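Protein sequence lines, in the order shown, are assigned to chains V and Y. Just so we're on the same page, my numbering is the position in the first sequence counted from 1, plus 27. Just so we're on the same page, my numbering is the position in the second sequence counted from 1, plus 27.
What the hints contain is simulated information worked out from the structure, not anything from laboratory work. Do not take every clue at face value.
Claimed, not checked - Derived pair list, reagent style DSBU-like, types lysine-lysine, alpha-carbon separation capped at 30 Å:
#, chain 1, residue 1, chain 2, residue 2
1, V, K137, Y, K224
2, V, K177, Y, K31
3, V, K90, Y, K164
4, V, K234, Y, K164
5, Y, K265, V, K164
6, V, K137, Y, K177
7, Y, K72, V, K224
8, V, K31, Y, K185
9, V, K137, Y, K164
10, V, K90, Y, K342
11, V, K72, Y, K72
12, Y, K288, Y, K208
13, Y, K55, V, K31
14, Y, K164, V, K55
15, V, K89, Y, K31
16, Y, K177, V, K72
17, Y, K164, V, K212
18, V, K164, Y, K208
19, V, K164, Y, K212
20, Y, K212, V, K31
21, V, K177, Y, K72
22, V, K265, Y, K224
23, Y, K55, V, K164
24, V, K149, Y, K137
25, V, K89, Y, K90
26, Y, K72, Y, K212
27, Y, K332, V, K31
28, V, K31, V, K137
29, V, K212, Y, K72
30, Y, K72, V, K55
31, Y, K31, V, K164
32, V, K208, Y, K265
33, V, K31, Y, K89
34, Y, K137, V, K164
35, V, K332, V, K288
Please read these numbers as outputs of a predicted model, since none were measured by experiment.
2 protein chains.
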Amino acid sequence: MKQKTLSTIGEFGIIDIIASRFKKIAEKNIAASLGDDAFSFIAGKEIISITKDMLIEDIHFKKDWISPFDLGKKSIEVNISDLAAMGGAQPKYIFIGFGAPSDTEIVWIKEFASGIFAACNKYGAKICGGDTVRADKITISITALGISEKIIKRSGAKDGDLIGITNFCGNSAAGLDLLSKYGAKYHFNRDEKNLIKKHNQPIARLKEGAVISDFANSMTDSSDGLFVSISLLADASKKGAEIFIDKIPISPQLKRTVADKDKMLSYLLFGGEDFELAFTLREKKAEILKKLLPQISFIGRIKSKKGITFKEYGKKIKIDGAAFKHF
Amino acid sequence: MKQKTLSTIGEFGIIDIIASRFKKIAEKNIAASLGDDAFSFIAGKEIISITKDMLIEDIHFKKDWISPFDLGKKSIEVNISDLAAMGGAQPKYIFIGFGAPSDTEIVWIKEFASGIFAACNKYGAKICGGDTVRADKITISITALGISEKIIKRSGAKDGDLIGITNFCGNSAAGLDLLSKYGAKYHFNRDEKNLIKKHNQPIARLKEGAVISDFANSMTDSSDGLFVSISLLADASKKGAEIFIDKIPISPQLKRTVADKDKMLSYLLFGGEDFELAFTLREKKAEILKKLLPQISFIGRIKSKKGITFKEYGKKIKIDGAAFKHF
């Protein structure tokens, strides 16, 4: 009999294997646990949030497609994005796990380290330790610790809440596709370069996360795409959601680059790594938040009935498609 | 001109690249930083210590040589060992970064997860989150968080201090060499099996670390071998050390398995992954600690003059050799 392998169960399958043996932590000082963007616990008057993300060469990035500086910076930004999603927890301490093949050029590592440092400095976070090992592929495993007074979990969405997103969707995935199709040396036009930049140089919505935390019931980042983010919020809150397709914000660059409607929809719903924040809030709070953060859009509504449905210009539509699969 | 690569500078070279851009953290709430077994900071009345270790297939282990259960357990033990080295910080929260190829068998992952859980349960530590990704090789990146009232750093060794080690040296490296030479399916004798077990099933000296913390000036674990551990303690403390070769404890199994004197010395000084604790303390405290932990040995002395020298039966000797190179 053929052995079942990882490809048959996917990333969420692994999480299930782990979670099935995992007794729900019910300690009173634990504020958020498995199933949120970060793990959070109470220490004195503060909440400490810890997140961990891995980036592996040829899986999450190709050395030809991203400069070592940008890669270092991105490695930090994607972790800060998790802290942003907890309600803008202030990044304090960063731990760097780094593996590299023996033939990695020193100049590459120096540039990579510069990117790491630039991002940490920007957020006032300190590099506090880690582990460096030999590996066949560049392997980056960052742990980031942030501190805040309160946190926003994924599980607080309420029936009737509006669903918000901090900015454009799909840019990063479109940029990745351009790199994948033409390689990094192709003569891209200005729009295309801009989309690639969104992929290689994402910026965590840390300040936005802190502002939104005063208004939102639930929040997560859009690292695996908008559809996955909204599903995570709805599932964690034991609710469903309706997505307003026509309200999803599209950048001018993406609009000019992608002509096909289905392809556009695929980027908007399933394109990962935009690192925007998806959140829910009571409708009455929407107007004042929009004044504070004009770039946000409201792109759906939480429903009591489970499952995700779609509307376009007020009419129900059906959409086939699966979320980005890690495995 | 040929580009300089990682192989020319080694692991400590990378740490230098990172450290050279790293402003020494001088916040008053930071208790231990880069250059210790863990990063420690003060939160309320407690000290929180965080450590991170990576294990990569075909670099740190081969799937043929270790069961998935043992690998899961070892992944945790090596991190707990760092907490032990900080003075027995109580493990609280564990974060698991895990990468695997798509063709990894589910049964392998389940067994691996069981090993992780067994080790966490043993120490009362909770699995709190992490990241699962696709990777070409099994990639394990664990972050462990422990809590204690005080910590022991590497930098507190004083001139004249005795150097102690919690138990036998060299077993793990000898076990690894047996696997490397004969493969896992060879019919090993009982001694050889025991050495392999020491490699595959290390046990963190957590309780010992807590006991020693009441006596020691400095401490680290012997993950990279005894010589490296003593060098780290001496360097961090701006001192030197004398190692008493004839006092290094040798297990009966290792004694019966290794006949060659140079090979034995190489295991004792440079063999990694024993995960014993190396520490320094004032000589007057040695007797009472030995009563509490009879298995410890005193195998050297801190000297004011920098550098590491060797004695055998009271006579100075010269030893050539380099510590285990990661790259």
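Going down the list of hints, with the structure as the test:
A hinted pair counts as satisfied when its Cα atoms are at most 30 Å apart, and K137(V) with K224(Y) does not qualify at roughly 39 Å. Among the hinted pairs, K177(V) with K31(Y) is inconsistent with the structure: their alpha-carbon atoms are about 47 Å apart, more than 30 Å. With a CA separation close to 18 Å, the supplied pair K90(V) and K164(Y) stays within the 30 Å bound. Distance restraint check for K234(V) and K164(Y): the Cα-Cα separation of roughly 37 Å exceeds the 30 Å cut-off, and the hinted pair is therefore not satisfied.
With a C-alpha separation of about 36 Å, the suggested pairing of K265(Y) with K164(V) is violated against the 30 Å cut-off. With a C-alpha separation of about 35 Å, the suggested pair K137(V) and K177(Y) falls outside the 30 Å cut-off, and the hint is violated. With a C-alpha separation of about 45 Å, the suggested pairing of K72(Y) with K224(V) is violated against the 30 Å cut-off. Annotation: proposed proximity of K31(V) to K185(Y) is violated, straight-line Cα distance about 57 Å (limit 30 Å).
Straight-line distance between C-alpha atoms of K137(V) and K164(Y) comes to about 25 Å, which keeps the hinted pair within the 30 Å bound. The suggested pairing of K90(V) with K342(Y) is violated, with an alpha-carbon distance near 54 Å, which exceeds 30 Å. Of the supplied pair hints, the one linking K72(V) and K72(Y) holds, its CA atoms being roughly 11 Å apart against a limit of 30 Å. Distance check on the hinted pair: K288(Y) and K208(Y) sit about 19 Å apart at the alpha-carbon level, within 30 Å; holds.
As the CA atoms of K55(Y) and K31(V) are separated by approximately 52 Å, the hinted pair breaks the 30 Å bound. Annotation: proposed proximity of K164(Y) to K55(V) is violated, straight-line Cα distance about 38 Å (limit 30 Å). Taking the CA atoms of K89(V) and K31(Y), the gap is near 21 Å; set against the 30 Å cutoff, the hint holds. With a CA separation close to 20 Å, the supplied pair K177(Y) and K72(V) stays within the 30 Å bound.
With a CA separation close to 29 Å, the supplied pair K164(Y) and K212(V) stays within the 30 Å bound. Restraint check: the Cα-Cα separation between K164(V) and K208(Y) comes to about 26 Å, which is no more than 30 Å; the hinted pair holds. Distance check on the hinted pair: K164(V) and K212(Y) sit about 29 Å apart at the alpha-carbon level, within 30 Å; holds. About 25 Å separates the Cα atoms of K212(Y) and K31(V), which keeps this hinted pair within 30 Å; it holds.
The suggested pairing of K177(V) with K72(Y) holds, with an alpha-carbon distance near 20 Å, which does not exceed 30 Å. Between K265(V) and K224(Y) the CA atoms are separated by roughly 47 Å; this puts the pair beyond 30 Å, and the hint is violated. Under the criterion of a C-alpha separation no larger than 30 Å, the hint pairing K55(Y) with K164(V) is inconsistent with the structure, at around 38 Å. Among the hinted pairs, K149(V) with K137(Y) is inconsistent with the structure: their alpha-carbon atoms are about 41 Å apart, more than 30 Å.
Distance restraint check for K89(V) and K90(Y): the Cα-Cα separation of roughly 26 Å lies within the 30 Å cut-off, and the hinted pair is therefore satisfied. Of the pairs offered as hints, the one joining K72(Y) and K212(Y) is violated, with about 51 Å between alpha carbons and a cut-off of 30 Å exceeded. As the CA atoms of K332(Y) and K31(V) are separated by approximately 60 Å, the hinted pair breaks the 30 Å bound. Note on K31(V) and K137(V): the hinted pairing is violated, with a Cα-Cα distance of about 42 Å set against a maximum of 30 Å.
A C-alpha spacing of about 55 Å is found between K212(V) and K72(Y), which places the hinted pair above 30 Å, so the restraint is violated. For the hint pairing K72(Y) with K55(V), the CA-to-CA distance comes to about 18 Å; that is within 30 Å, so the pair holds. For the hint pairing K31(Y) with K164(V), the CA-to-CA distance comes to about 18 Å; that is within 30 Å, so the pair holds. For the given pair, K208(V) sits about 55 Å from K265(Y) by alpha-carbon distance, which is inconsistent with the 30 Å threshold.
For the proposed pair K31(V) and K89(Y), the alpha carbon gap of about 21 Å is at most 30 Å, so the pair holds. The straight-line distance between the Cα atoms of K137(Y) and K164(V) is roughly 25 Å, inside the 30 Å bound, and the hint therefore holds. The straight-line distance between the Cα atoms of K332(V) and K288(V) is roughly 29 Å, inside the 30 Å bound, and the hint therefore holds.
Of the numbered hints stated above, those contradicted by the structure are hints 1, 2, 4, 5, 6, 7, 8, 10, 13, 14, 22, 23, 24, 26, 27, 28, 29 and 32, listed in ascending order.
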